[in-house]
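Asks: Note that the protein sequences, when read in sequence, are chains A and B.
Read in order, the letters of the first sequence are residues 0 to 235 in numbering that gives the first Met the number 0.
Read in order, the letters of the second sequence are residues 0 to 107 in numbering that gives the first Met the number 0.
Don't take each hint at face value.
As the list claims (entries may be wrong) - Ranges between beta-carbon positions, derived for each pair: (1) A/Ser101 - B/Leu104: 48 to 54 Å; (2) A/Thr188 - B/Gly14: 36 to 42 Å; (3) A/Leu84 - B/Arg63: 30 to 36 Å; (4) B/Leu10 - A/Arg131: 27 to 33 Å; (5) B/Phe72 - A/Gly184: 21 to 27 Å; (6) A/Pro95 - B/Lys106: 18 to 24 Å; (7) B/Leu105 - A/Arg132: 27 to 33 Å.
Hints are computed from structural coordinates only; laboratory data are not their basis.
We treat Cβ as the ideally placed atom computed from N, Cα and C, and that holds for glycine.
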Amino acid sequence: MSGTGEQEKSFIQEGLSGAWPICLGYFPIGLSLGVLAQKAGFAPWQMAVMSVTVFAGGSQFIAVAMISSGASAAAVISTTFMVNLRHLLMSSALSPYFPGVSRRFLALFAYGVTDESFAVNMTRFKGGGWDRRSALLLNQTANATWIVSSVIGAYAGEFIPAGVPGVEYALTGMFICLLVFQLRGAVFTATAVIAAVVSVAAYLWLPGNAYVIVASCTAATAGFVIKRLTQRRRSP
Amino acid sequence: MSVRSYLLLMLAMGGVTYLPRMIPLLLLSRKRLPLWFAQWLELIPPAILSALIAPALFTNAAPRTLALGKAEFLAALPTFYCAVKTRSLAGTVVVGMLFYGGLKLLKF
């Protein structure tokens, strides 16, 4: 019995320890989203509803701007869809770690799939011993931080000071570290380098957020081809 | 915008964000993936992470232009080094914030 108790405790601790860098990064971004929305005429309840139903940082900034400038509902919805389409790839990559898991669990977990939670969960799953409940807790903790911070921003508006210098780099720092964890061999490193080059080029030449999907798919395909070619050469 | 139409808009936005997150998990977790697809998916995490970071390090946002030597990139160098050497997420995040904050204070 005590063994199970310890296990329960550790899955909660693990989940929270995985979540903190995400929360640290989300808080100032959520605040600034709330402040921006408040200035654009959004009420705090409207911010809360948006953060709960949409829960996607980038597209919420875009949505606030589009809605306040009177864009049509169809334009807002289709932009939201395009901006978040990259989650298709993330959920696909996560799926091998959830064999035969109940639909209810997956439905709850899917709600919290973001760039950040994907990056942390993927790294932990690869490292082994990552409890699926920790993954779910991590998602929901990050999610709660996002909702709360955006609503605080919407209430407090301009009363919030500029903040600690460097906090806006928390998520970038986290992504860099998680990328390093992913570089487990020459093929992975080559894939990452190709992704960076294609992503910058696509970011400059393609509109919107298409660069993430274009660069990820191109780089993964290139990496796959490199892997197959080098394997064939080694074992003729 | 009326309360009703705002709520409907949010529901629609929520739907189009939720479905791409859920459908692959629901469909693929019940299947045995073909080997080539599993190998391709394995390369998606480094590809996505790199694709997400690179524009922040090497470009300006509005208008979109190439920008080499930004504070974001300069701070990334010690951050990357720290990640390789320490393999500590917490340490790396703090190092990145210190260097980026420092560069910003120096008006870089």
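Asks: Hint by hint, which ones does this structure get wrong, listed from lowest number up?
Replies: Numbers 3, 6 and 7 - these are the hints that the structure violates, sorted from lowest upward.
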